[in-house]
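Enquirer: Sequence:
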Amino acid sequence: MNILQLVPKLNVGGVERGTVEEARFLVARGHKAVVVSGGGALLSQLEGYGVKHYTLPIGEKNVFAIFYSYNELKKIIRSENIQIVHARSRVPALIGYFASRACRAIFITTAHGQYKKHLISKAMGLGKFVIVASNMMANYMKTAFGVPLNKIVKIPRGIDTEKFLFRLPSDSRNRTFKVGMIARFTPIKGHLDFLKAVSLTAAKVPNFKAVIMGDVTLGKEDYIKKIYNSIKNLKLENIVEFKSSGEDVVNVLGGLDVLVSANREQEAFGRTIVEAQSRGVPVVATKVGGVIETVIDGVTGLLSEPCDAATLARNILRYYNEPLFARDIALNARKNVEENYALDKMLEDSLALYNKAISEQNILIFKISALGDVILIVPSLRAIRKKFPRAVIKVIIDVKYRKILEKCPYINELIVCDFNIRDKGVSFFRLASLLRSESFDISIDMQNNRKSRLLAFWAGIPSRYGFKNGKWNFLINFKAQNPRFPLGPIEHQEKLLGLLGITIQDKSLELWKDAESDKWAENFLGFNSLVKEGKLAGISLSASKKWKTKNWPLKLFLEFEKLLAKEGVRVVLIGLTDDLKIAEEFSSKTIEQPINAVGKTNISQLISLISKLDVLIAGDSSPIHIAAAVGTPFAAIFGPTQPERHMPPSSSVKSKLFYSKMKCSPCYKKRCFRKQKCMMDINPDKVFNAVMEIMK
104 MNILQLVPKL NVGGVERGTV EEARFLVARG HKAVVVSGGG ALLSQLEGYG VKHYTLPIGE
164 KNVFAIFYSY NELKKIIRSE NIQIVHARSR VPALIGYFAS RACRAIFITT AHGQYKKHLI
224 SKAMGLGKFV IVASNMMANY MKTAFGVPLN KIVKIPRGID TEKFLFRLPS DSRNRTFKVG
284 MIARFTPIKG HLDFLKAVSL TAAKVPNFKA VIMGDVTLGK EDYIKKIYNS IKNLKLENIV
344 EFKSSGEDVV NVLGGLDVLV SANREQEAFG RTIVEAQSRG VPVVATKVGG VIETVIDGVT
404 GLLSEPCDAA TLARNILRYY NEPLFARDIA LNARKNVEEN YALDKMLEDS LALYNKAISE
464 QNILIFKISA LGDVILIVPS LRAIRKKFPR AVIKVIIDVK YRKILEKCPY INELIVCDFN
524 IRDKGVSFFR LASLLRSESF DISIDMQNNR KSRLLAFWAG IPSRYGFKNG KWNFLINFKA
584 QNPRFPLGPI EHQEKLLGLL GITIQDKSLE LWKDAESDKW AENFLGFNSL VKEGKLAGIS
644 LSASKKWKTK NWPLKLFLEF EKLLAKEGVR VVLIGLTDDL KIAEEFSSKT IEQPINAVGK
704 TNISQLISLI SKLDVLIAGD SSPIHIAAAV GTPFAAIFGP TQPERHMPPS SSVKSKLFYS
764 KMKCSPCYKK RCFRKQKCMM DINPDKVFNA VMEIMK
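Each residue of the sequence shown is one higher than the last, beginning at 104 in our numbering.
A few of these clues could be false.
[Stated by the list, open to error] Lysine to any residue pairs mimicking SDA-like chemistry, simulated, CA-CA at most 25 Å apart:
1. K622 x G475
2. K658 x W561
3. K438 x D351
4. K622 x T680
5. K177 x Q217
6. K329 x S347
7. K638 x I797
8. K669 x T693
9. K554 x K178
10. K503 x T704
11. K438 x D263
12. K490 x H595
13. K574 x R587
14. K773 x K757
15. K164 x K178
16. K757 x R485
17. K245 x Q217
18. K715 x Y771
19. K571 x F581
20. K281 x E265
21. K759 x A668
22. K503 x L537
Rather than coming from a laboratory, the hints here were simulated on the basis of the structure.
Whenever a hint applies, use it, and build me the whole structure from the sequences.
Expert: Structure representation (structure tokens):
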């Protein structure tokens, strides 16, 4: 694998040391490790491990620096053939997200802190996976940024226990007692609270010293002045010493009797705490965020409330006054580190996640409408699942048709949309944001309209597949040519899937009935009595309310019904509420009163009802697709549309096509000036004979 890590600087800090350790591990395992940062004290160490480094101002919030870094990062991703971009901070994440999308690389983030809710911070939730070090951070990323739980992976930071060797605390009452704080110079780290605690402790402990070590963060000069002023005001000039960020943390910890973590705000993890625990240094920390997962009060350390210098001082003094207690804390803490925070475990877990990110694709399929078309994509879904057995496959579908695929075993989830109400207007882009949060790798557009194109683009999906049909083709980057000759619906879909190396071997349709709807259909038909009396023939009188040229004329349906009645075949009318008028007219003119289900079924009930019929007669519309899927024999009556393009596959179902081809066929017109001759020429006697044959 080729892995690129992004971090603002390579100075002393838990994030930076973790970056170096992971890069070293990847190289040792035979993978390519590349790091992009602004440089720093750890750079020489990184390059000594054989890791390639590029220096960019990737942590700067300057607009020009961001655009410069974005363009340069794209070049690096392409030249190094990077497969995964792993960002560990906000600005690098923003740059890395767009660069990885442009280069079709996988994007992963590690969220290290409770970021403020603004645009740049949202980038931390856009990874295919979002790594967190604690349960606190998992909950925060979910609630603050809406990151789906299935994307959040907890990998606690690991410590090299061989490097951070354990040594038991010794009784320091007859020597210099030294406490320390290792943290970036930023107000949330609580340096001023630490200094107050140092002042209180110094008054009670002879030979007392304090150490402060950390990076000087750009823009924090005023805060550093406050630290120096506090040292002066508290008269700590002879007690506090500073260690440069270039010094070895292992050695600094080795000289401490207590490590203090004085965070004022939520801390994602606290790597330095675990390093101290591994080294045998007792810890005093504040109760913030993930710290309470590593410091169990009175067991693996001591806790105080944030901004409470007095309690910090009392806890420091307890270690000083109770050396045996300090030894017990150190032993418990070291055991906890070995069991839960070993470096090897963290690195192995990270490597496993990288492998998962590459091997498990996130695929979004667009099939928003309509009913028959949704049914027709089932063979494609089956083939996609066969090609990508480990993929997470989701389908975006209109709320009216969700029941069709609700129980489909080839997909993981449905994303329901409603462009008539909920997702129209500005809400369209809220839907796009939802899709973006899912971090899809591939979109397959089987809707192929402008909305589906725009959604895939705004969702930031790097590989977008669709037909080249003149509908904003520039928004897709893998285009299939529309065939110039007629193809069946499944064969047409196969042209698109061919770009992904997929062939559809099993072209049969499939639907999944539910027990409740089945029971409804049985009760509606009076199943136990009607089936014994004779056959049931379903009739859909209207293929389309708006496309009337697709409808077989009512008078021909009436002639057909008379023939059925003579043979004792009972008619069951199906249709929408819009079809009630024509159903009533038909019923008033029939020899035998039909069973009227028009406007009385939802989609699930319609599927179950059609499955109970002996035969179905309908035009070019969704009922024939349902019949083909549930195994009900059917007769399809086509007029202005082309059967080769719209007839459902039915090799395992008895079916008969009726199509009177004219010079003008197929016209695809909604109005006909030839008195629907193509439909009028379809003889009711022929339809009747065929129907009786396929019912045998």
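Enquirer: Compare the structure with each hint and give your call.
Expert: Cross-check of the supplied hints:
no.: 1; hint: K622 x G475; verdict: holds, 24 Å
no.: 2; hint: K658 x W561; verdict: violated, 51 Å
no.: 3; hint: K438 x D351; verdict: holds, 24 Å
no.: 4; hint: K622 x T680; verdict: holds, 22 Å
no.: 5; hint: K177 x Q217; verdict: violated, 28 Å
no.: 6; hint: K329 x S347; verdict: holds, 18 Å
no.: 7; hint: K638 x I797; verdict: holds, 12 Å
no.: 8; hint: K669 x T693; verdict: holds, 12 Å
no.: 9; hint: K554 x K178; verdict: violated, 32 Å
no.: 10; hint: K503 x T704; verdict: holds, 13 Å
no.: 11; hint: K438 x D263; verdict: holds, 14 Å
no.: 12; hint: K490 x H595; verdict: holds, 18 Å
no.: 13; hint: K574 x R587; verdict: holds, 17 Å
no.: 14; hint: K773 x K757; verdict: violated, 30 Å
no.: 15; hint: K164 x K178; verdict: holds, 20 Å
no.: 16; hint: K757 x R485; verdict: holds, 23 Å
no.: 17; hint: K245 x Q217; verdict: holds, 11 Å
no.: 18; hint: K715 x Y771; verdict: violated, 32 Å
no.: 19; hint: K571 x F581; verdict: holds, 9 Å
no.: 20; hint: K281 x E265; verdict: holds, 24 Å
no.: 21; hint: K759 x A668; verdict: holds, 20 Å
no.: 22; hint: K503 x L537; verdict: holds, 20 Å
In this structure, the hints that do not hold are numbers 2, 5, 9, 14, 18, in rising order.
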